[in-house]
Amino acid sequence: MLDGAKGPAVQRAMDLLVRYGEALGAERLVDTNNVCATVGATTPFIRDYAAQHPQGLDAVFSEFSLDSAEVVKIPKVKAYTSHLQQGIDPAHAAEQGVAAELVQLYRKGESYLGALGVQLLNTCTPYQVGNVPVKGEHCAWMESSAVIYCNSVLGGRTNAEGRESAGAAMLTGKIPYWGYHLDDNRRGTHLVEIDIEVLTTADWGLLGYYVGEMVQERVPVLAGVRRVPNLARLKHFGAAASSSGGVEMYHIAGVTPEARDLDEAFGGAKPLATLKYGAAERKLAWERVNSTGRDAQVDFVMLGCPHYSIEQIWEVCQLLEGQRVHADTSLWIFTPSAIKQVADRNGYTKIITDAGGHLMTDTCSAFGRVMPKGTKVAAVDSAKQAHYLPAIMGVQAWFGTTADCVQAALTGRWSGRLA
Amino acid sequence: MNKIVLHGRKVVGGSAEGEAMVTRDRISGWGGIDPRTGTIIETRHELRGQSFKGKVLVFPGAKGSSGWSSQFHVARLAGAAPAAMLFNEMTTKIALGAVVTHAPAMTDFDRDPLALIETGDWVRVDADRGVVEISKK
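Chains as they are written, first to last, in my numbering: chain A, 1 to 419; chain B, 1001 to 1137.
No wet-lab data here; the hints were simulated from the structure.
Hints may contain errors.
As the list claims (entries may be wrong) - Quick list of the computed label-pair ranges, beta carbon to beta carbon:
1. A:Leu182 / B:Arg1111: 26 to 36 angstroms
2. A:Gly25 / B:Asp1112: 16 to 26 angstroms
3. B:Asp1025 / A:Glu137: 27 to 37 angstroms
4. A:Asp354 / B:Asp1112: 32 to 42 angstroms
5. A:Ala273 / B:Arg1111: 22 to 32 angstroms
6. A:Gly25 / B:Ala1078: 26 to 36 angstroms
7. A:Glu70 / B:Arg1111: 37 to 47 angstroms
8. B:Glu1118 / A:Arg227: 33 to 43 angstroms
9. B:Glu1017 / A:Gly254: 49 to 59 angstroms
10. B:Ala1115 / A:Gly278: 29 to 39 angstroms
11. B:Glu1118 / A:Gly97: 41 to 51 angstroms
12. A:Lys376 / B:Gln1050: 42 to 52 angstroms
13. A:Asn230 / B:Thr1119: 41 to 51 angstroms
14. B:Arg1036 / A:Ala419: 22 to 32 angstroms
Glycine included, each C-beta is placed from N, C-alpha and C at the ideal position.
The shape of chain B in the complex, shown without the other chains:
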């Protein structure tokens, strides 16, 4: 089995696993997702219409409204949050959003997760140890 291991920095602790959902587009929270279902709604987003509920969301970072955290907060309460979040660009929107989503989150990787993880791969995230294990689909 083809396994890849990435190392990075813990943003929010904990461990989780799930199917990867990967995008090279940054994600808007408020006005970019429907938090009741975890669906991307931004008009010109490559994942428009798809839900990240229960997925390991792999993306460059956050953009748009300061309502980012509150939308992911609502998604958690609605049971539609991602299982884990892996991203490259640190901003206050994503840091706070990750904190209130209560799901494991990591950044500052030794290699680019966007280049190594594809949608559908199975990903285990151990944020406390700073390790991501990828099983290719």
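Just chain A, with the same shape it has in the complex:
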């Protein structure tokens, strides 16, 4: 493939993989048939490049997905590939303040990528809508919250790939055999002894935010989890741990697939360090994640980071049904488009819109830089979004439970506190 026999795009892809593999110090590549990537041109910065470049989407793919300044014709993908987030929700362009040209670019990208064989799941949670790796499956995924879920909860094997390596993997079906593809690197390094109950998705977000900051890019092992957490809780835990730190894999003793017990989680070795997580650590995490929140008047409530499950939408609907979102506040909820179809069918979309909120797909506020005009203070139930939104959009962010956030949407005031 490196000699160009499979065409110039595949040659560029292999060239990038070789440069990347050498940078890592990887000995070889491994076959993969499961790639998750953002390829679309609707994200900020890249949309301007696409608008200006005469060769359009092939130019965007060449530069941003293959690190090739020379524009090459992109062939159909070789590996099974799911698209992650886009930069906009075309069905809510007006609310998101998105220009008609950008919606056109989105549609153009949709037919371009669809024809290449990219599955347009358009979500940060591909594992919620059909891409569920099997234990031991070698993957090449982007999206830190999906990477950590794939490795830890499903037992799939992936490193946090980037746009260029995932682009190269799509065209070649190869990725460096390094990091979390190898058994030895998947074992736990740090023991986290939990001595309080961790209940809500917000609780799991706080735990993840604390642990991520403490262990950075290592592999924490949670002990003392008394109730088996569900998908939404682990989704929020992983998203938080991969934002405050760089955690790509964790174990929960007795719960996750490579940790029947602590001994298996650590591969028989001793932890490098042991951390404690009790009421004081939970409070510290809450203070850190709320470090930008000052004003009680909330302009914007954003839910669905990572994209909400149907269960989470149902939960919000029960809190919201028959009431009205405050006149000075907006409520936006993000979910994969496949889940929105179920929400439409269940009547949940109507409950949300009747209350004055919006159920959106494809993107989120931090990723697409989309917020209601004039937002100064946002409220979120995601530690990840609370971490990134103030840095990216210059707003204050309050973090609390889903119920705190719905309450803020109804009253226009933040009244969440650490329960």
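Given chain A, put chain B in place with the hints provided.
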């Protein structure tokens, strides 16, 4: 003149020199930098508000989003990339990020660059030879 020499492994080849910008905080790419200016934007980062454009960036490693590489890629296209990168912890984020930044990058040093290099020092990086020369400010 007080000169220190470090030896390490090439991540991306080439040579460059510039003023050092040193941090003990790991750096987030997506949501951690403004790639148009090379400015650190992460809320609780010790370098918040400062730009690494044209500097020799010395840091422990990468954290956060998998958009790390694409943000440094955009920084290169915007002319706001660092002149060189020296770091301790290898991850896929930083390896790919360094590759697409097209600036010399090194890791696996014989001594800790975070302990020996201070912000403002003048640093020459020859990644092909695996040598870093530090002139103290």
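So, going through the hints one by one against the coordinates:
1. Between Leu182 (chain A) and Arg1111 (chain B) the beta carbons are some 28 angstroms apart, a value that agrees with the proposed interval 26 to 36 angstroms.
2. Separation of Gly25 (chain A) from Asp1112 (chain B) is about 19 angstroms and conforms to the stated range, judged on CB atoms against 16 to 26 angstroms.
3. Judged by the Cβ atoms, the range 27 to 37 angstroms given for Asp1025 (chain B) and Glu137 (chain A) holds: they are separated by roughly 34 angstroms.
4. Restraint check, Asp354 (chain A) to Asp1112 (chain B): a C-beta distance of roughly 60 angstroms breaks the suggested window 32 to 42 angstroms.
5. At roughly 24 angstroms, the beta-carbon separation of Ala273 (chain A) and Arg1111 (chain B) lies within the given 22 to 32 angstroms, and the hint holds.
6. Separated by about 29 angstroms at the C-beta atoms, Gly25 (chain A) and Ala1078 (chain B) satisfy the suggested range of 26 to 36 angstroms.
7. Between Glu70 (chain A) and Arg1111 (chain B), the C-beta spacing of about 40 angstroms keeps the proposed range 37 to 47 angstroms intact.
8. At roughly 49 angstroms, the beta-carbon separation of Glu1118 (chain B) and Arg227 (chain A) lies outside the given 33 to 43 angstroms, and the hint is violated.
9. Taking 49 to 59 angstroms as the suggested C-beta distance range, the pair Glu1017 (chain B) and Gly254 (chain A) conforms, at roughly 54 angstroms.
10. The hinted window of 29 to 39 angstroms between Ala1115 (chain B) and Gly278 (chain A) holds, with their beta carbons roughly 34 angstroms apart.
11. Range check, Glu1118 (chain B) to Gly97 (chain A): about 44 angstroms between beta-carbon atoms, so the 41 to 51 angstroms window is met.
12. Between Lys376 (chain A) and Gln1050 (chain B) the Cβ separation comes to about 25 angstroms, which falls outside the hinted range of 42 to 52 angstroms.
13. Between Asn230 (chain A) and Thr1119 (chain B) the beta carbons are some 46 angstroms apart, a value that agrees with the proposed interval 41 to 51 angstroms.
14. Between Arg1036 (chain B) and Ala419 (chain A) the C-beta distance comes to about 41 angstroms, which lies outside the given range of 22 to 32 angstroms.
Checked against the numbered hints given earlier, this structure breaks hints 4, 8, 12 and 14; the rest are met.
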